[in-house]
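Heads up: the protein sequence lines correspond to chains A and B, in order. Under this note's numbering, the first residue of the first sequence carries the number 1, and numbering increases by one thereafter. Under this note's numbering, the first residue of the second sequence carries the number 1001, and numbering increases by one thereafter.
Simulated from the structure, these hints should not be mistaken for lab results. Fair warning: this is a prediction, and the values are worked out from it, not measured in the lab. Among these hints, one or two may not hold up.
[Unchecked claim] Derived list of chain B stretches under chain A, where covered just means 3 residues or more per stretch with a C-beta under 8 Å from a C-beta of chain A: (1) 1042 to 1049; (2) 1083 to 1091; (3) 1102 to 1113; (4) 1182 to 1193.
[Stated by the list, open to error] One-sided and incomplete, this derived list gives chain A residues near chain B with beta-carbon spacing under 8 Å: (5) 147; (6) 148; (7) 156; (8) 157; (9) 212.
[As the list claims (entries may be wrong)] Each pair of labels, with its calculated beta carbon distance range: (10) A:67 to B:1087: 23 to 33 Å; (11) B:1191 to A:221: 55 to 65 Å; (12) A:216 to B:1002: 51 to 61 Å.
Where a beta carbon is used, it is the ideal one built from N, C-alpha and C, also for glycine.
In case you want the letters, here they are:
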Amino acid sequence: MIPLAIDLATLTLPNWAALAAVITGSLVGAEFAAQRGFDPIGVFGLAFAQGLGGLMILELLLLNGTPQFLSDPRYLIGTAIASIAGFFFAGVLTRSRRILMTLDALSMGFLVCVGVDAALTVQLPMISAMFLGTLTATGGIVLRDLLAGTAPSLLRPGVLVGMAALLGSVFYVLLAHFVSWPQGIEQLLTVTVVFSLRLLAAWRGWRTRPTSELSDQLWDRLTPSSSSDT
Amino acid sequence: MVGATLALLASAIHTVEVQPPNNLFNLPSFLEIVAVTTGALTGALHATHRKLDPMGVMVVAICTGVGGGAIRDVLLNSGIPTFLVSPTLLANAILAAAVATLFARPMRHFTPVMSIVDTLVIGVWVVIGVQKALLVGLNPTAAMFVGVVACSGGSLLRDLLCKTKPEVLQPGTFFAAAALAGAGAYIACALLGAPTWVSITATMGIATGLRAASTIFGWETPVAPVLSEAAAVAPST
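Using the sequences and the hints given, assemble the complete structure.
In structure tokens:
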């Protein structure tokens, strides 16, 4: 068991946070693939996509040299172990879906922090940092759906997931820009925001609706009032 | 025999050298902003019609707008992609997504206007792509490829994310083909030693003109002959 050792001197996310997020993402991806009848390579592929997809896109966009998941063996080993576990124990994982979802919500918070930190380190503008934070946290899920050949669920009406990453990124960037608290405290708050948004959404059943519906509603409301004005 | 001829041809092309443009800023930078905004607007409308949620519409709008440029910059490996460095592009893409979300219904009547702007924008993508590739010191073939990828990458990402058939790869009106012709025109002008503004005008004229002509006159890209024979045979069996 890894101790929750937040470095008090610098107060930043411990360096195993990204790894933990990758392994959790891989587990979710592996479970997804196993439930849909993929073979071992397919399970690993989807686990890899969901676990490392976001970080891979982030490093590609920032031209960060050889991606970290290649130079640091722990990432690929973690993904492989997660996909083996997903292949053989998919049933167990499905039954403990709530725990998995909770862990996934936590790792989404970590990934938001990783993405935003990377963008701010190379001194990109605020809006790019918000974009990269969201991309790092959600890119893996979209990539998994693309590889599985299904329409990306994240972009479609359903339980609110992507919006949590977006709001968390915006929150962290604003915090980092306007309040100069220790980085670790800002990260802790961001992880809390993302985590609680996702858990609340799952618990209260917050669902997003099709944009066209919202737009139609707006225009239905506008049209009678404008006709009565004239 | 055919292979040897092709190899000879390829090496002959390979020896051709094109001078990089002396000044990249011959193309006003606001044109890239216009191109990104147009792409984002069409992407957002596409996503709205396919019942994506607001987050999805925003993601698709951003990817359609800046996707081509992002792929281009990652391929050229010449610095962090433009859309991340200058905040204007992302801000405009998000604004376009918001406009498309709010005005999806009235904007249905402006589809022709949208497609005209969309056609005008092709040349911009090609010119920026080819110029950037030449500046990095790439050979003409690669520069043409980068120009076409920069032009069609956004539309490709949009179709992938919306789970529709990639429009660029389907037979239909000239899109990537027009971009390729435009890129070829740029290289030809550069080989003939024309000043940069002539190359830019020729590229934009040919790319936009071809796409416009194919839309107006109903020209369609041909289907590979084997496939069309198979399709002709299929009903009888």
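Non-conforming hints, listed in increasing numerical order: Going through the list in order, the structure violates hints 4, 5, 6 and respects the others.
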